[in-house]
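Generate the whole structure from the sequences, applying the supplied hints.
Just so you know, the protein sequences line up as chains A, B, C and D, in that order. For the first sequence, UniProt numbering assigns the number 1 to the initial residue and increments by one for each residue that follows. For the second sequence, UniProt numbering assigns the number 1 to the initial residue and increments by one for each residue that follows. For the third sequence, UniProt numbering assigns the number 1 to the initial residue and increments by one for each residue that follows. For the fourth sequence, UniProt numbering assigns the number 1 to the initial residue and increments by one for each residue that follows.
Each hint should be verified, as a subset may be incorrect.
The list treats identical chains as interchangeable, and a pair is accepted whether it falls inside one copy or across any two copies.
[What the hints assert, rightly or not] Calculated lysine-lysine pairs in the BS3-like style (CA-CA distance at most 27 Å, straight line): (1) K23 - K70; (2) K102 - K70; (3) K192 - K210; (4) K215 - K171; (5) K70 - K210; (6) K210 - K171; (7) K23 - K157; (8) K102 - K23; (9) K175 - K102.
No lab work stands behind these hints, which were simulated from the structure alone.
Residues per chain are reported as follows:
Number of protein chains: 4
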Amino acid sequence: MTKIKTPVIILNVKAYSESMGDKGLALAKACEEVTEESGITTVICPQQFDLGFIAHQTDVPCFAQHIDLKDVGGATGWALPEAAKAAGAAGTLINHAEHRLKLADIDALITRSRALGLTSVLCTNNIQVSAAGAALNPDMIAIEPPELIGTGVPVSKADPDIVTGSLQRVKEINKDVVVLCGAGISTGEDVKAAIELGTAGVLLASGVVKATDPKAVLLDLVSGI
Amino acid sequence: MTKIKTPVIILNVKAYSESMGDKGLALAKACEEVTEESGITTVICPQQFDLGFIAHQTDVPCFAQHIDLKDVGGATGWALPEAAKAAGAAGTLINHAEHRLKLADIDALITRSRALGLTSVLCTNNIQVSAAGAALNPDMIAIEPPELIGTGVPVSKADPDIVTGSLQRVKEINKDVVVLCGAGISTGEDVKAAIELGTAGVLLASGVVKATDPKAVLLDLVSGI
Amino acid sequence: MTKIKTPVIILNVKAYSESMGDKGLALAKACEEVTEESGITTVICPQQFDLGFIAHQTDVPCFAQHIDLKDVGGATGWALPEAAKAAGAAGTLINHAEHRLKLADIDALITRSRALGLTSVLCTNNIQVSAAGAALNPDMIAIEPPELIGTGVPVSKADPDIVTGSLQRVKEINKDVVVLCGAGISTGEDVKAAIELGTAGVLLASGVVKATDPKAVLLDLVSGI
Amino acid sequence: MTKIKTPVIILNVKAYSESMGDKGLALAKACEEVTEESGITTVICPQQFDLGFIAHQTDVPCFAQHIDLKDVGGATGWALPEAAKAAGAAGTLINHAEHRLKLADIDALITRSRALGLTSVLCTNNIQVSAAGAALNPDMIAIEPPELIGTGVPVSKADPDIVTGSLQRVKEINKDVVVLCGAGISTGEDVKAAIELGTAGVLLASGVVKATDPKAVLLDLVSGI
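What follows is the structure, encoded as structure tokens:
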């Protein structure tokens, strides 16, 4: 498997106009520079149409934002894990709050990602779903309370108990799973708080994507580690 | 709008292992060469993760295999028409047999594609659905009986009535819509039959993607025009 | 087919707490009484779990709120047209704004409903979707602009052009289709306006379901005819 | 909560023609008689449209085959847990192999079912999904390998390890969850084997629904306990 060194900052660029095409590439370049300058791992999740393009143009690890459980073959317009791999992905988000998946499909996608050497990051919404996710053995779980996503109010401050509660239950069930947190993260201070709660990093989006100077925000974020 | 000159051969590479990543690029290069050599328009529909990569590397028009009706913004892992455009797409399939869409969403996606200058190709499965599609005013309708897809038995021979019936009903309702046909097309003779039935071209996949020599198949296909 | 006499008032009770179980039965009884007293056809669309129960207890025609395109057999928890028929339904809504369906599935469900003798009422959201729907040959089309649903602002006043535009395009494509309108209807005056625009009746929900005296509202509604 | 006494035989009548409307009621009556004669708990899961009708006509506990995660209100054609309760349901299947649900929705539906006093039976497909399910705290988990459903080859013989493995992992994570098994069950011997593996009963469908004499099959099934 592509081993992703932790702590890690995972930047999900979502489907913002500020992250489409060449703008997505510029964000990836910013991640690349910040990793070179800081030594801290950053990962970018490009828009689906941009994954291969960005993976060919940068050295920053690219994760798919989403993969679909379809068989290789006649599956027009679906995003297969094998295709993500062939396009240059090193991993994938699974079950993001904006793209929820069926329980049985999550299980199958985690297994299939592992067979392909793709790092799997399962997104969860509360403590018991994090616990359930741990039983499915993803590489990482990112706990993100949906109500805080995009708010700028960091989960590490607004709801630290959901982070520590998830960490505890996840580790009880499967100690190998790396735990991240997300939702509302936008500063180095937020990252610092997340790390202090015991996580191995953060997953974030708008705080960087919609910033006037994304690289400056990324530099601030890694300073929290 | 990106005007696509007809007659046209549209190659949907689906999610085959033979069309992922660099193999998808090779198929696009073959299309490009065949168009240069023959003067006949070819279009490629790359795998979702490869669209931007292939659009940057070739001059063949790229159509998305599928687009999703989500708002620009927080829409992780969805394939937006705006993102297809930014990645270099000239058009898009809508409602392929392997990725059916809701009626109201098809209507909205056709409208949104037109506003972006993306050529829309609505896929349909029978005469009355083709007629319904015509009322939604896509640029093109590709009639493809699902039971013939991937069989190698061409719709133009197996079920010519569905092609002529669709053509008649579509033109009655909306004379501006260009009609293609698909399913089972793999030879120049199949293309010739499709043109003789009155269509402006074909949509095909496995006949080229899984061929030992895709370029030779493409050359045979354009010879039918 | 169960012929539904027009003009007609179709009451969709949705999933309100005021229409569950015995409360749904009371609404059906109110429809029954109003039809007896006024001679105007009313139809009720019970909650899915209540359809058989209410169909057995009243003489008012019951329409399913929704049916699913699954084969008879191993289809746990899906609502089949054949099951609606066996439970006593006389018809069904298809593609309600709160339960949109795929284009190809709508086509297949209309055909299957007709074969079973179920009256099909296709819900649409704008003029071109109404036109597309006409090509699919349902028994009735109910045009309901989603933005007016539940507002109490009647479509017949807020957007009469969408009603007359739909009527015109539907009749051009398929003169056999009966056209209704819905969204925001709550008084006899609204019904009168809908009839004057050329429709054969209305589809409504909250105006009756959430009323203190549903029968009184129903009596007012039929007075508009 | 409606306490369901174990061991239990849960009959899911699916969407077979043999279980629609009055035929579904006859199956419920057979369950009722068998429980009266044997003292063993049986439960029936009627077709969605029949739930209220059958719950009013029999004393056998009725479980919904499926519930949807929609808010009470404007949710046309969806099957709400509150509506199941109002129609007379004592419980519900969740995530049947033929109606899979999203992970986050399963979590929310289990919580909502408990608040309503509905017994929740979460269906799972393998050991790790059973383990994940246990973390979500349903009342019961029914492990059913999809490849055996409807085959007549009982899971208790074809794949006993999936049953014992699920039991072990479920109990490690949440000892309060009752474990059932299903798929291919059709005789008292199959039930006996399931009980001997440590389960508290079975979930089955076609073995009874499609039998010439459903009551005789039910009597045979309870004889295995």
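- Taking the numbered hints from earlier one at a time, note which ones the structure violates and give those numbers from smallest to largest. 4, 6, 7, 8
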